[in-house]
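Participant: Below are the chains, spelled out letter by letter.
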Amino acid sequence: MTDVQERSGVGLTTMPPRPARSLRARASRWLLILTGLAFFVACLRLADVDPVELAEGLPTLAGWLVQAFPPSTEALPTLLLRAAETVAIAVVGTAFAVVLALPLCVLAARSTTPSGWVRVPVRLFLNGLRGVDAFVFALLFVAAVGLGPFAGVLGIALHTWGSMGKLFSESIEALPSGPLEAAELTGAGRVKTASFTLLPDVLPSISGIGLYLLEFNIRASTVLGVVGAGGIGQELKNAVDLLAFPRLATILLVILVMVTLVDQLSGRLRKALA
Amino acid sequence: MTALSVRGLTHAYAGTPVLRAVDLDVQPGQVVAVVGPSGAGKTTLFRCLTRLVRADAGVLEVFGADLQQLEGSALRDARRELGLVFQSYNLVRRLSALQNVLVGRLADVPAWRVVLRRFPVAEQDLAARCLDQVGLLAFAHTRADRLSGGQQQRVAIARVLASRARVVLADEPVASLDPASASAVLAALRSLATDHGKAVVCSLHQVDLVAGFADRVVGLRDGRVVLDLPADRFDAATARDLYSRTPERTSA
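From first to last, the protein sequence lines are chains A and B. For the first sequence, the positions run 1 to 274 when our numbering is used. For the second sequence, the positions run 275 to 526 when our numbering is used.
Take the hints with a grain of salt, since some may be wrong.
[Said to hold, decoys possible] Not everything, but these chain B residues come out facing chain A in the computed CB check (under 10 angstroms):
hint : residue
1    : V333
2    : F337
3    : V434
4    : R440
5    : R507
6    : D509
7    : A510
8    : T512
[What the hints assert, rightly or not] Here's a subset of chain B near chain A, in silico, CB distances under 7 angstroms, partners left out:
hint : residue
9    : R321
10   : G378
11   : W386
12   : V388
13   : L390
14   : P394
[Unchecked claim] A few chain B residues that don't get close to chain A, going by computed Cβ distances all over 12 angstroms:
hint : residue
15   : A288
16   : T324
17   : Q373
18   : L376
19   : D382
20   : D496
Please keep in mind that the hints were generated in silico from the structure rather than gathered at the bench. Source: prediction; values computed, not measured. Note that beta-carbon positions come from the ideal geometry of N, C-alpha and C, so glycine has one too.
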């Protein structure tokens with residue numbers, strides 16, 4: 001440091017002074033900070049945040065925790081079956097979403113569908129699906145197709161269709177457009193150019209996205225049973241309703257083990273794909 | 275019949291003129307090298323020639339069809355006469371060399387065969403012969419991203435050879451290649467004209483590559499054609515003139 005300074009004779013002291021911030025810039029900065037704070041305070045009020053209530057509730061929670069030990073093992077076979085049902089809901093729902101999202105992602109990507117007349121409505125449709133949570137869809141489907149895992153499958157499939165279509169189309173847009181342009185110049189149609197020049201290059205990233213969403217859906221499926229859409233969530237709700245704490249503890253442990261296993265597995269698969 | 279005939283091609287980007295009334299004629303079997311300093315309009319000329327960009331004015335005839343006037347499916351059909359070779363090769367990285375050559379055949383293969391990767395034997399045979407032409411038959415089953423830059427560019431040339439294109443547009447095809455790879459690529463381009471009667475237009479920024487490759491040299495500066503010479507008359511002094519800052523008109 002000193003060497004450089006001595007040799008060149010320059011340093012912080014000879015650097016041109018930092019330009020002063022204008023009064024207006026400083027005022028708008030403070031205004032931004034204050035607005036942010038006011039917004040957060042308003043949110044605290046709206047959310048009924050009350051530390052006293054939390055403190056008063058803690059002993060009750062602690063009591064439940066004590067009652068939950070030791071977790072019961074008598075219903076373990078049923079619970080494992082229900083956990084498998086949860087995984088099945090996520091797997092089937094995600095698979096349906098893949099089939100639905102593949103054609104639409106081509107229509108939602110700028111590089112493959114330059115015309116806004118098609119692309120914008122497709123994007124709006126996908127965003128609409130993504131905006132409604134799988135839980136909400138499941139609630140509707142329980143009313144339409146009845147209680148059980150199938151309602152959960154439909155809920156997961158519809159919501160994931162939206163997210164997947166959007167993410168797939170983004171990974172198409174991230175690809176270099178050259179190979180596609182070269183293929184389109186031969187006069188070949190959309191189906192041929194997309195399936196032959198786009199799919200091979202986009203396959204690693206879309207399988208990564210598929211696995212990630214599957215992993216996400218397995219976590220999301222654990223609560224679907226609360227609205228009657230099958231899986232371990234139904235057991236969870238029953239146990240809470242009946243205040244069966246040892247059983248609740250077992251359910252939570254089963255969920256924890258299941259989710260951890262899936263995360264590990266999916267993480268490893270995705271690393272292998274990359 | 276003239277393969278490519280350009281008259282008065284004019285284009286501006288945001289009010290700045292980039293091409294000013296460019297004229298260019300290329301015959302089947304002929305190689306034309308386009309040279310000129312950076313910013314002369316070479317890249318814009320190529321984008322307009324492929325109709326990736328529609329020039330503001332002018333005539334762009336490919337075997338008599340004016341691409342400037344065509345739209346939609348008529349344009350798509352007419353553009354099948356054009357084969358592109360890009361600086362960045364534009365191969366599908368995760369497909370084999372042979373499959374990349376088959377991309378040139380996509381238009382004539384039924385969609386279900388493309389989706390299932392079941393190309394007719396005749397098409398595969400044709401693709402293999404095209405690869406052989408550029409000396410890469412041994413690499414037929416090698417993935418494109420495992421090939422060297424020069425090899426990838428030769429695969430791209432084989433892809434053009436396999437397609438129906440009779441006019442080949444190569445925009446700086448050897449800009450990122452070492453000298454040995456560059457001469458192999460230019461030899462392959464040369465053979466498209468000599469052995470297959472295609473019309474080749476190729477932009478280069480190394481003027482020393484022109485000799486022994488091109489039949490004609492077209493020099494661009496400030497969006498204008500400032501020289502159009504047989505390649506053997508394009509000497510070092512002419513090249514220096516073209517690249518020097520003080521504009522000094524040279525013409526045939």
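Participant: So, for every hint listed, does it hold in this structure?
Facilitator: These are the hints, each one checked on the structure:
1. Interface hint status for V333 of chain B: violated, as the beta-carbon distance to the closest one in chain A is roughly 21 angstroms, over 10 angstroms.
2. Here the hint on F337 of chain B is broken, as its CB sits about 15 angstroms from the closest CB of chain A, past 10 angstroms.
3. This hint holds: V434 of chain B has a C-beta 9 angstroms from the nearest C-beta of chain A, less than the 10 angstroms allowed.
4. Taken as an interface hint, R440 of chain B does not check out: its beta carbon lies about 13 angstroms from the nearest beta carbon of chain A, beyond 10 angstroms.
5. The closest approach between the C-beta of R507 of chain B and any C-beta of chain A is roughly 34 angstroms, which is over the 10 angstroms cut-off, so the hint fails.
6. For the restraint placing D509 of chain B at the interface with chain A, the shortest Cβ-Cβ distance is roughly 35 angstroms, beyond the 10 angstroms limit, so the hint is violated.
7. A least Cβ separation of about 34 angstroms between A510 of chain B and chain A goes past the 10 angstroms threshold, and the interface hint is therefore violated.
8. For T512 of chain B, the interface hint is violated, since its Cβ never comes within 10 angstroms of a Cβ in chain A; the closest pair sits about 33 angstroms apart.
9. For R321 of chain B, the suggested interface contact is broken, since its CB lies about 11 angstroms from the closest CB of chain A, more than 7 angstroms.
10. For G378 of chain B, the interface hint holds, the least distance from its beta-carbon to any beta-carbon of chain A being 6 angstroms, beneath 7 angstroms.
11. A distance limit of 7 angstroms between C-beta atoms decides the matter here; for W386 of chain B the minimum to chain A is near 9 angstroms, and the interface restraint is violated.
12. Taking 7 angstroms as the C-beta cut-off, the interface hint given for V388 of chain B holds, the closest approach to chain A being about 4 angstroms.
13. At a threshold of 7 angstroms, the smallest CB-CB gap from L390 of chain B to chain A is about 9 angstroms, leaving the interface hint violated.
14. For the restraint placing P394 of chain B at the interface with chain A, the shortest Cβ-Cβ distance is roughly 14 angstroms, beyond the 7 angstroms limit, so the hint is violated.
15. Interface exclusion of A288 of chain B from chain A stands, the closest Cβ pair being 20 angstroms apart, more than 12 angstroms.
16. At roughly 7 angstroms from the closest C-beta of chain A, the C-beta of T324 of chain B falls inside 12 angstroms, breaking its exclusion from the interface.
17. Not every beta carbon of chain A lies more than 12 angstroms from that of Q373 of chain B, the smallest distance being close to 8 angstroms; the non-interface claim is violated.
18. The Cβ of L376 of chain B does not lie farther than 12 angstroms from every Cβ of chain A; its closest approach is about 8 angstroms, which violates its non-interface assignment.
19. Distance check for D382 of chain B against chain A: the nearest CB is about 8 angstroms away, which does not clear 12 angstroms, and the non-interface claim fails.
20. Look at D496 of chain B: its CB is around 28 angstroms from the nearest CB on chain A, clear of 12 angstroms, so calling it non-interface holds up.
Checked against the numbered hints above, the structure breaks hints 1, 2, 4, 5, 6, 7, 8, 9, 11, 13, 14, 16, 17, 18 and 19 and satisfies the rest.
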